[in-house]
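Novice: Residue numbering for the sequence shown follows our numbering, beginning at 1 and increasing consecutively.
No lab work stands behind these hints: they were computed from the structure. No false leads were slipped in.
With a cut-off of at most 27 angstroms between alpha-carbon atoms, the simulated DSS-like pairs for lysine-lysine come out as follows:
id	residue 1	residue 2
1	K268	K136
2	K136	K166
3	K289	K331
Label pairs and their in silico Cβ distance ranges:
id	residue 1	residue 2	range
4	K186	D503	51 to 59 angstroms
5	N493	G286	40 to 48 angstroms
6	F111	W332	49 to 57 angstroms
7	P443	F350	38 to 46 angstroms
8	I363	R457	32 to 40 angstroms
9	F361	P237	45 to 53 angstroms
10	N493	Y99	40 to 48 angstroms
11	E494	Q267	51 to 59 angstroms
Remember, predicted model here, so these are calculated numbers, not experimental data. For glycine and all other residues, C-beta sits at the position ideal for the given N, C-alpha and C.
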Amino acid sequence: MTDKKIKFIFVTGGVLSGLGKGIAAASMGNILKARGYKIYMQKLDQYINYDAGTLNPGEHGEVFVTDDGAETDLDLGHYERFIDENLTQDSSVMTGRVYSDLIAKERRGDFLGKTVQVVPHLTNEVVSIIMRGAEKANADIAVVEVGGTVGDMEGFYYLEAIRMMKNELGPNRIMYCHTVFLPYLKSSKEVKTKPAQFSIRDLQGIGIAPDIIFCRSDHAVNKSALDKIARASSLPPTHVIPLETADTVYEVPLTLENYDLGKIIEQKFDLEEKEPDLAEWRELVGKIKSDKREINIGIVAKYTTMEDTYICVFESLRAAGWHHNVDVNIKWIDAEDLASPNANVAEIMFGCDGYVIPGGFGIRGIEGKISAAQYARENEIPFLGLCLGMQVAVIEFARNVLGLAKANSEEFNAKTEHPVIHIMEYQRTIANKGGTMRLGAYPAVLKKGTRSYDAYRQTKISERHRHRFEFNNKYRRDFEKAGMVLAGISPNNELVEIVEIVDHPWYVGVQFHPEFKSRPNRPHPLFRDFIGAVIRSSTLLTVNEAKEDRQKAIV
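Build out the structure end to end from the sequences listed, making use of the hints.
Specialist: Next up, the structure:
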């Protein structure tokens, strides 16, 4: 245990879910790190799942993976992008894990025959998890987001735990920030505060008096509305901060700074006031909001109704675009549409300057993804395959270049004649699905002279994985002879990590998830070079089209 008196900021939500508590929490971490503080971030989720690994991304959003192999809520991706720190499994806590740890203690006899109850045993377990994570990180300030909304039955014990911490640690080490929504009533043309006031009252009713109120709204919030909320929460007006929907989420830290939140936090914790170094972040936001050329990237996927499903992929593409001073427009391409018997692949794929096939599981839409990979390869359009996207590229190449018409992955056909993608031997006997894949950071060695080596500019890399199936080594020689380069291999030479096609503007498939390590102001090398190739390819196309137009005019 450390003697450092760590400060804790708890971010709660009210009125409705999906307000952006994660962005608000990450933004606080951003402006505090800019002041030189060591920041730790954590998410407390109400789900009875042990972790996010078995949640449906179409419902819950992306599963984010840390270096140490934790399958977590997507908010950890926001945290990493905003504070530029690699987080661990300590930063993601779900109800299933809390109960599991508590029951394990009860089974060992740790409670000496006592009746184990929600209060104090479950709440003490939460406090222990929060404290332990912050101490392991040697943090100055821990920012902890409580999932769900005030009033949810599932989350009561989290709120009780963070209420208890104020009594245990003292008021100068605990700060509560409550995020509320202000709906707009079109008939009266005004933003309404009553739901927010009720949410604040509910929070106060369980013993938590918020120090800061964040007011989310899709419309302008006037001073009168903010004053009402200040009165309802017994706070000075300066502690009620409007967070109107921004042009970009990366603008939120600057908004909070403009409302002096950093100074308010320092005053609350009796810290010396410091000037934040936000110059690089301001430059980033300026670049994001500037007028730029646009390019279109097609995302070939089976979950096409919610951006959060592939949020890290989207943010990685956008960051790479900003690096090259272009805006990336995302075009959804439904893999199932491509897979239909009468699909016009060229028509469906039309209009994109580059294509990405992201990770995923299951057979639905696979044949459509294979068609998309073939289209990008044959038409020499820049392509990036991520995890399953790489496996799809391998299957397509085997079928249409190697002539192995029945090539497939054992995931989709366990008895396929040519299992160019097969399950790892140690995975065959695993029954439980949660937390049993190849997860987290694994090393790879890059082959010099490849696109990947040019991107990373080094031979040894480490990237985050989340999969069960691998490239089948029995087919290595056949692929290499036909022009597919095995550009990245595990150090023990057993696992293929990256494949590329030689005679193509840019065609790369990776077995890992580079999107998890990309940052808004420092895009991942593969995404950066992919977008660079897209720009070169689309520029060349534009030049050639202009030449053709001139020739037609002369004729």
